[in-house]
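Respectively, the protein sequence lines represent chains Z and Y.
Residue 8 in numbering that gives the first Met the number 0 is what sits at position 9 of the first sequence, and the numbering runs on without skipping anything.
Residue 43 in numbering that gives the first Met the number 0 is what sits at position 44 of the second sequence, and the numbering runs on without skipping anything.
Since the hints were derived computationally from the structure, they do not count as laboratory data.
Keep in mind that the hints are not guaranteed to be accurate.
Result set (DSS-like, lysine-lysine): computed pairs, CA atoms no more than 25 Å apart in a straight line [to be verified]:
(1) Z:LYS47 x Y:LYS15
(2) Z:LYS77 x Z:LYS40
(3) Z:LYS47 x Y:LYS47
Protein chains: 2
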Amino acid sequence: MATQRYGMAVRLKDEKREYYIENHANVWPEVLEELKKINVKNYSIFLKEDFMFGYLEYEGDNFDGDMATMQKIPIVEKWTNLMIDCFNPFPNNEENNSWVMMDQIFYME
Amino acid sequence: MATQRYGMAVRLKDEKREYYIENHANVWPEVLEELKKINVKNYSIFLKEDFMFGYLEYEGDNFDGDMATMQKIPIVEKWTNLMIDCFNPFPNNEENNSWVMMDQIFYME
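Throw the hints in and build the complete structure from the sequences for me.
Laid out in structure tokens, this is it:
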């Protein structure tokens, strides 16, 4: 499959900032393994002020389906719930308590 | 050189939104060539609300120096000035009228 690039954004609660950073320096290996199984690669998260941006590449053919299936794996669900508890909604996206997907408006190989 | 990954953020003026998007669907080829010359690759820009996130990879050994040198090339400077005019400062970074660099807090190959 051709590589697809995803950008996503969320905000970090001040009181969870250090917790989130420490956990992302040492993500549970089982979670990383499941990401690799669904063909996610080259995944970075960046932080500035309380804003976070995630960038990842995906080489499958059903991103939403693969992500939803992965989220149902108990250890992934446990991890995700701990991380969602660190988030504040992105501006104008208060109905979404986790990452919001962004639109790619430029690409240079 | 090993690949280095950079994330950067800025906000887009509402009245310049369409202009910026249209120009980034069709960036001046001379600007893209200069980026490639300094070993920038896999460069994406994402937009959500008025927030923009840029992700790029760099394979040189002096990112700040290479970027500063490139910015002095007249056609690049002209492009950059047009684009900076589209930006609002990132929250808490009002002294910077262009992209602010973010901290990478996670990476998975």
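Practice task
Verify the proposed pairing of Z:LYS77 with Z:LYS40, using a straight-line Cα cut of 25 Å.
Solution key: Distance of about 21 Å is within 25 Å: holds.
Exercise for the section: For the pair supplied as a hint, Z:LYS47 and Y:LYS47, confirm whether the alpha-carbon distance does not exceed 25 Å. Expected result: Holds, at roughly 16 Å.
Handout entry: Holds or violated: Z:LYS47 to Y:LYS15, with C-alpha atoms at most 25 Å apart
Key = holds, 24 Å
Every hint, counting from the list given before, is met by this structure.
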